[in-house]
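The listed protein sequences correspond, in order, to chains A and B. Start counting the first sequence at 1; every next residue gets the next number (my numbering). Start counting the second sequence at 413; every next residue gets the next number (my numbering).
Don't take each hint at face value.
Over the 10 angstroms line for every Cβ pair with chain B, so calculated as not near, a few chain A residues [stated by the list, open to error]: (1) W8; (2) G96; (3) L129; (4) L174; (5) S272; (6) S290; (7) H348.
Derived Cβ-Cβ restraints for the label pairs, each shown as a range [what the hints assert, rightly or not]: (8) S518(B) with S195(A): 47 to 57 angstroms; (9) T331(A) with V652(B): 51 to 61 angstroms; (10) H563(B) with N150(A): 32 to 42 angstroms.
In case anyone wonders, no lab produced these hints; they're calculated from the structure. All of these numbers come straight from a predicted model, not from anything done at the bench. Yeah, the Cβ is synthetic: ideal placement off N, Cα and C, and Gly gets one too.
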Amino acid sequence: MVVVRRRWFQAPWEFRESALFTAVSVIAGFIIQVAASGRGIAMPHLPFNAIALSVLAVLVLSTGLAFKNTHAVKWFGGIPLGLCLILAIALLSLIGGIIPQQPVAKESLPVLLGLNQIFSSWPFAVTVLLFLANLGISLSWKLIPFKPQNLQFILFHAGFWIALSCAVVGSSDLQRFVVPINVGKANNLGYTMESETPQHLPLSIYLHDFSLEEYPPQLLLYDPHNDKLMMNKAQAILEVRTGTTASWQGIEVLVLDYLPYALPGKDGVPQSADRKTGIPFAKVRIITPSTQREAWISTGSPMLKPDAAQLDGFYLIMMPGTPKSFRSAVTIQDEQGHETNANLEVNHPVSFMGWKLYQMGYDEKAGRWSKLSLIEVIHDPWLPAVYLGFFMIMAGNILFFWNGIKRREVVK
Amino acid sequence: MIMNFNTAAELAIVCWAIGSLLSLLANRTPALKLPAFLLSIAGALVMAGFIAFYWSALDRPPLRTLGETRLWYAALIPLVGFLVEYRWKIGGLKYYCMALATFLLSINMLHPEVFDKTLMPALQSPWFIPHVVVYLVGYVLLAASSVTALHNVYLQLRKQENSTGESVSHFLALLGFVFLSFGLIFGALWAKEAWGHYWTWDPKETWAFLSWLAYLGYLHAFRYKIDKSKLQWYLALAFVVLLVCWFGVNYLPSAQNSVHTYTQS
Ligand code: HEM
C-alpha cells in the first residue's frame, strides 16, 4: 500500500484536524468554566430552551443540506469528527466516573475546572453541542431524500439526537422536591437537594397512613469487648423462624418458637399482639460446652428495650429484618380542586396532574413505627420527548437485530 | 418448594446437556439437529413452566429474592441465545447460554438460602429481569467478541491470513452493542419508576455509558476507512471497560455515593 502523506488542513480533512478541533473545543470549554469562576452552565427554562433547541435543529439540518458538497461541512458531519467527539465525551465521562460528583465548598483547581460536577460543566456542554451538530448534519443527508433502507440509521441517530438534546436542554425544567409528611397531616412544602428553604408546591398531600413490612429478623452474636459481630459457621444470614439453627465456635443455638408480633406478658412470657404494636420475639435454646439454657430474645422497638441473651461474655441478639416494602396511603389535591386517593410504594409511583409522586423514604430510626413519610414529587415536562428518543433507538435496535447477518455476509 | 425447584432445575440441566451433546453430534449426523433443538428448547420451557407454577403457588410474581430472579435468567438467557443464533447464524452461542443458565441454577441448588435472601424494595420491579437478562447476554456476546479478537491478533502476529475470524469478532461486537443499548435503556426506564429520574450520572450508569461509547466508537471506526486488523486490538481491549463497569466500579472513589453498590452474592 502506498501511503500518501496528507499535509495538515489539506482537504479532505480527517482525523488529525478533527482531533485538533475537538481538543481546542474542550480546552475552550475549560477556559470558559474557569472564567465563570467554576460555575457551570445555566440552561434557560421553557419556552426559551425549546425555542433554542428548535433553532439548533433547523440550523443544523439546513446547513447539512445546503452545503452538502463543501469540504468543511462534509467534514463537520463526518465520522472522523464524530469519533473524536465520542472520545471526548468518553474522556469527560471518565472523569465523572472516577471523581466523586458532588458540590464541594473548598476552592481548588479541580473544583474551578468543574471536575466535581463535570456533567453540568462548560467543557461537557460544548462537546455535547458539537456532537449534536455533527450527528445532526450526518442525519440530514440520510433523512432527505428519504430511502427505506436508511430507516434503521434514522431511528438510531435521530432517536439519540432527540433523547440527548431533550435530556440536556430539559434538565432546567426538571423539578424534584422532597415532601416530608407526618401521619394525619397535610403538606404542600417541598425541599430541593440544593436549598434549605422549602418551596410552595401547586399540590398538597395528606398522609392517612404509613406502613412498613419487614423481612424476618436476623440472629447475630455480638462481642461487646471488641464491638464486633461474630460470623457464624455457615457465613450466611440467619433469618429467624421456628426451627432455625445456628452455630458459632462452641455455641449452638436453636430457635424453639418465633412470634413475629408479640408483647411481653405479665409473667415474662411474651404474648401474641397485633401488628401495629407487636415486635418479634423468639425463644431460643443455647448450648455451650458447659451449659444449656433457654431464653426469650426480642428486637426491641422505640418503646421497648431489646432483650438479648448473655452467654460467656457474648450477647445473642435479634436484629430487625430489612424493609421488604413500605407504602403511604395519601390524598393528593391541587389548587384547582382536583383530588385523588393513592397508595404510594417504591417502584409504584402515581401520576397526578403532570406530576409524579414517589414513595422515597421514612424515619429510618423509627423503622416500622415511623410516623413520617418522605414523598418525592417530580415534574419533568420533557420526559415524553426523551422517551420518544429511547423508543426510536429501541426500534432501530429491533430492526438491526432482525435484519441479522444475511445482508451483511460480505463485509470486506 | 425447594424440592420442586431441584427437580425442575435438574430436568432443565439434563435437557440442555443432552441437547448440547446431540447438537455437537449433529455436525456428522444432520438427522439429530431437530431433536437437539427440541431438547434444548425444552430445558428453557421447563424453567418457564416452573416459574408459572411457582408464581401461582406464591400468589405474587417470583421477583422478591435473588434466587427467584435467577429462575428468570435461567429460562430467558437460553431463549435469547436460540433467537440470536437463529437470526445471526452465530454457531456456539447457545452452548454459552445454556452453560450460563446451568451455572445460575447450580448456585440456587447449592445455596438454597438464596431463596431467602431478599431484594430491597427498589429492586422488586418488572424491569429488573429484562435489564439483567439483556446485559448478561450482551456481556456473553462481547466477551466472545473480545476472545475472538485476541485470537485474531495472535494470528496476525504469526502472519496468518484470517478474514473469517475478523468478521466473527465484528458480528459479535455489533450484536453485543444491540444488547448493551437495550440494557442501558431498560435501566433508564426502570430508574424512572424506582428512583424518579432516568439518568443521574450515578457511577454505575456512567461506566455503563462509557462501555456503550467504547463499542459505539468501534462501530463507526469500522464503517470508516480504518484498517480492520488494527481494530482487532481495539475489540480485544474494549472488554476491559466492561469489566470495570461490572466489577471495578465499587472500588473507585466515585462509588461512595452510588445507589448500585448493594453487595450481592
Ligand atoms: C457522532 C455522531 C455520529 C455520526 C457522525 C454517525 C455517523 C454514522 C454513519 C455515517 C454510519 C454509517 C451508515 C451507513 O453506512 O449506512 C453510522 C452507522 C451507525 N451508527 Fe452512527 N453516527 C453517530 C452517532 C451514533 C450514535 C449516537 C448511535 C447510537 C444510538 C449510532 C449508531 C449507529 C449504528 C448502530 C450504526 C450501524 C453500524 C453498522 O451497520 O455497522 N451512531 N453512523
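How the hints compare with the structure:
1. W8: The assertion about W8(A) holds, with a minimum of 19 angstroms to chain B.
2. G96: violated (5 angstroms)
3. L129: Answer for L129(A): holds, closest chain B Cβ roughly 17 angstroms.
4. L174: Check fails; 7 angstroms does not lie beyond 10 angstroms.
5. S272: holds (23 angstroms)
6. S290: holds (30 angstroms)
7. H348: violated (8 angstroms)
8. S518(B) with S195(A): 47 to 57 angstroms: holds (52 angstroms)
9. T331(A) with V652(B): 51 to 61 angstroms: Holds, at about 53 angstroms.
10. H563(B) with N150(A): 32 to 42 angstroms: Check passed, 35 angstroms falls within 32 to 42 angstroms.
Hints 2, 4 and 7 from the earlier list are contradicted by this structure; the remaining hints agree with it.
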